[in-house]
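Residue numbers (our numbering), protein chains in the order written: chain A, 377 to 648; chain B, 139 to 404; chain C, 3 to 268.
Some clues are possibly wrong.
Examples of chain C residues toward chain B, derived with CB under 7 Å [as the list claims (entries may be wrong)]: (1) Ala-156; (2) Ala-194; (3) Ala-223.
Source of the hints: derived by calculation from the structure; they are not laboratory data. Beta carbons: idealized from backbone N, C-alpha and C, even for Gly.
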Amino acid sequence: MRRRIPHSLTAGTILVAVIVLLAVASWFWLPFPIDDMSGGRLEAPSWHHLFGTDKLGRDLFARSMIGARIALEAGFFASLIGGLVGVTLGLLAGFAQRWWDSIAASLLDSLIAFPTLLVAMLLVAAWSASLTTAIVAIGFAIATVIARVTRLLIKRVLNQDFILASRASGSSWPRIIVLHVLPNIWPTLLVALALQFGLASLSEASLSYLGLGTPPPNASWGSLLQEAQATVTTAPVGAIAPGLLLVALVVGTNLVADGLREYLDPTLRRQS
Amino acid sequence: MTLLQVDALSIATRAGAPLVDGLSFSLNAGERLGIIGESGSGKSLTSLAVCGLLPADLTATGSVHVGDLEVIGARESELIAIRGSRVGIVFQEPLTALDPLMRIGRQLAIVLRRFRGLRGAAIDDAALAALEEVHIRAPKRVLRAFPHEISGGERQRVAIALALASGPEILIADEPTTALDVTVQAEVLDLLDALVAERNMALLFITHDIAVVSRIADNVIVMRSGVEVERGTVRGIVHGAADAYTRDLIASAREFDDALAFGDIR
Amino acid sequence: MTAIIEASGVGFSYPHAAPTLHNIDLAVRQGTNLGIVGESGSGKTTLLAVLLGLQRPTSGQVRFSGAPLDLGNRDSLVAFRRDVQVVFQDPYSSLDPRQRIDRVIAEPLRSLGLVPAAIRSDGRRAVSEWIDEQVEVALRAVGLTGDIARRHPAALSGGQRQRVAIARAIVSRPKVLLADEPVSALDVTTRARIVDLIKELGSALGMSIVMVSHDLTVVAALCDETLVLRKGEILEHGATARVLGAPNHAYTRRLIASVPRLPNSE
């Protein structure tokens, strides 16, 4: 029984698709190489340079396209790591009983308290600033949130009579997890991950802005914003372009998350 | 003056699907009317409509007069004026009818302050008296407790105390004992019976259980799919229902009632 | 005759808490339906869990077919679960909302290895077909039609869901069917029909029913033997006619007197 697709899902998908298009295109074609400083400095947008140039004469549109790729890579891989690690930890915590349970809960709560920024700084000090470091740090933050959500979802499911009924039907615990637990938690987890995706891109931009993420000459939107800071009044496009793109991605993923929640919500099916 | 007058009450969804169709009845002081129906009969919606508490996506047509106020279409300020002071309502699930984060004493105090204009120490005394009136053992403990810290029966008694604290003339009880154990149910029914009689209130009692309604109401309306199928005195319906659906209901109830007829324990 | 399930001196307490069950002795025999009557706090839910092997008693022993219940061993667990099945109280949480009805009923067939070896050796298609057949037979046995099989629980009423839960429970042809308040959440006419269904299935399939309920009328309608549980202890135990007709205990008398009755014709 397919239901109609919520508007938020459509709108969000379109927004995200635009960014994805930019990113994918950047593999095959760039209007200018990103370190090409041949354009005049801080030129206004023109047909030649769609977004104009930055203070070093580099084409902003090309750099924005690379920025899209970095934002999506960060979002995707951080969510992937966070999702896998988080769900695993959450499963363990969800099935924990008695005092293991209290330990797991306290542990997860204290891990969530670690600011992503702090973790990123520690990792940069240990290794060096790079997209990978940023992804690991953000992945860690996502894992703690997903673990907590997973644990709560599992506790809620395990409380239901149909789990008892499944045990009474002779099903083993691995069977119960596959047949009953996972199908009942994946919709909510998917929505949570969609939300985290946008937040991960935002975090990467923040880290790059502070110099803790992708180092120059790479063109993360965060770096673009940082570079455009000094000249924001004279050449605003340098800040507006990456800013708007970032907003579009985060709003897009939020809308997708919202639309998914609406679409997948089983309680809305109960129309009898 | 009739306390409650309902004429041709109809409730429909926005799409036009009728949930209640053409219900009429009236209540005077001291009268007790039961509405019997199974799930989907529209009985609970009727009680909500009387207080103007229908969910926003449902519309009511017809007429509901509480005293001289026409509830259907009334402004919220007019409805607030009658809720509590003229009409009190007790719901089925006491755990959700009470604020889980507020101590019982405070919930009572709010009602007492608003409706009886009491302040300070007078509230504490009145709260204690209210709980004693509903036969709560250890009322001081209950006043300090949160809803989840007291038993289901105690919660329902508190809900009754709250409903009565504002001194309404009409009491609506919507399946008030369905969620309770059988011994507690009997006590709460006795309590309701006594309190309603004492205050000469009009009682609208909604339930799916014929035996329960026969304990507490004199007259009864049987509803099915939003429509009245029969009405009469409780005894009249139980012993000689005209409508086939009503007879089916009575027969099912009888099946269980007869099962208990072992001897003279009655 | 050996009891199918037997509890001797069974007790249960949570760590650092007062005992939920104390010194329970009971036997479930073939051909006899047993009713366990208890209000909330009586320990009936825990007793059910212990009899189902979902909870290990902290003292005493549960025996199945004469031997102590050992669920650590996969074979004895499967043998036990084939013979002892359960129907839960809440029709809204006892079915996985994401599972289709046919898969709900098929689960015990797979998990308990009920597919005959001859069919299994014929391949997956044959197994699938055999299972579909069994599901249809089970659905018909509980009064539902085959087209329900493809639907999800959300599309069914409370009564239909309970029928599905019963179908799931009988698919392994168990010797004992444990029912935890199977009809409390249902309307009165549906209640009568489900109780009748359980009774019929009990005699048709040679199943002993163990019904846990706080509703005396339902127990009286279905069970030959009754046990009254209070605060974790057995207060009375004997033939239903004796326990409910001429009870020994004041509490039992109070329970019976609390049941709301239909007015008698005069």
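We went through each hint and held it up to the structure:
The criterion of a C-beta within 7 Å of any C-beta in chain B is not met by C:Ala-156, whose closest approach is roughly 15 Å, and the hint is violated. Taking 7 Å as the C-beta contact cut-off toward chain B, the hint placing C:Ala-194 at the interface holds, the least distance being around 4 Å. Taken as an interface hint, C:Ala-223 checks out: its beta carbon lies about 4 Å from the nearest beta carbon of chain B, inside 7 Å.
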